[in-house]
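K.L.:
Protein sequence lines, in the order shown, are assigned to chains A and B.
Note that the first sequence covers residues 16 to 127 in the numbering used here.
Note that the second sequence covers residues 41 to 159 in the numbering used here.
In short, the hints are calculated from the structure, not lab data.
Just so you know, not all the hints are guaranteed correct.
Capping the alpha-carbon separation at 27 Å, the derived lysine-lysine pairs in DSSO-like fashion look like this [stated by the list, open to error]:
#, chain 1, residue 1, chain 2, residue 2
1, A, 72, B, 43
2, A, 72, A, 32
3, B, 78, B, 56
4, B, 78, A, 72
Residues of chain B clear of chain A, computed beta-carbon distances all greater than 12 Å [said to hold, decoys possible]:
#, residue
5, 54
6, 55
7, 56
8, 98
9, 109
10, 114
11, 155
12, 156
The C-beta atom is built at its ideal place from N, Cα and C for all residues, glycine as well.
Single-letter residue listing:
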Amino acid sequence: GAGVSQSPSNKVTEKGKDVELRCDPISGHTALYWYRQSLGQGLEFLIYFQGNSAPDKSGLPSDRFSAERTGGSVSTLTIQRTQQEDSAVYLCASSSHSRTQYFGPGTRLTVL
Amino acid sequence: AQKVTQAQTEISVVEKEDVTLDCVYETRDTTYYLFWYKQPPSGELVFLIRRNSFDEQNEISGRYSWNFQKSTSSFNFTITASQVVDSAVYFCALSDPNAGGTSYGKLTFGQGTILTVHP
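Isolated chain A (complex conformation):
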């Protein structure tokens, strides 16, 4: 079946602009996660959704970051007023009751 998909695959933006990153989880997966991978920080957890609610937002680095999930499916991660330190690969993962998280290909964000 189809895996986790993310769009866009690459995003180049100017400092101060807002960006939206999209994640389509595996059909039927109730849990959805966002992570960030950067050279200096490795793989960092950002936020976790169970259905449409987010029990754990502890990894969001600042109030410029927000995320939502609608219909228990698609999720959007929004970064407002982007900064150069936001440049990273943003990874989305989903899981069912098996607890195993399956990852998408990621969105590479570059802030100029």
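Use these hints to put chain B onto chain A, whose structure you have.
P.N.:
Here is chain B on its own, set in the frame of chain A:
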């Protein structure tokens, strides 16, 4: 707080050699899951194996095997008869039980081990 340590930053082997990737973890939880993921040059994280904290039976799956020892908080991963296609970054990860629901929460990852298999 949870922590995962992969002490080996880089490993280089010649094809057909066996290679073991080390992982040590810290957690206060009594129930948790451990994972190994592979990230080839294409960039996508690929799930390899999962182990429950209450099941210390070690297993072999094809060329992969893992050694989980709760007493030493280690979860090592071995590739037998390595191949060039095994070249990738390997991540060990620990799950964080989600107190409120039936699914587990975030993964805490180690820093990764870069494995290079030379022909």
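K.L.:
Confirm or reject each hint.
P.N.:
Now the hints, each set against the structure:
1. A:72 <-> B:43: At roughly 19 Å apart (the allowed maximum being 27 Å), residue 43 of chain B and residue 72 of chain A satisfy the hint.
2. A:72 <-> A:32: 23 Å, holds
3. B:78 <-> B:56: 19 Å, holds
4. B:78 <-> A:72: The hint holds at about 26 Å.
5. 54: 28 Å, holds
6. 55: 27 Å, holds
7. 56: 29 Å, holds
8. 98: Answer for residue 98 of chain B: holds, closest chain A Cβ roughly 19 Å.
9. 109: Given a closest Cβ separation of 21 Å, the condition holds.
10. 114: Holds, since 20 Å exceeds 12 Å.
11. 155: 16 Å, holds
12. 156: 18 Å, holds
Every hint from the earlier list agrees with this structure, and none is contradicted.
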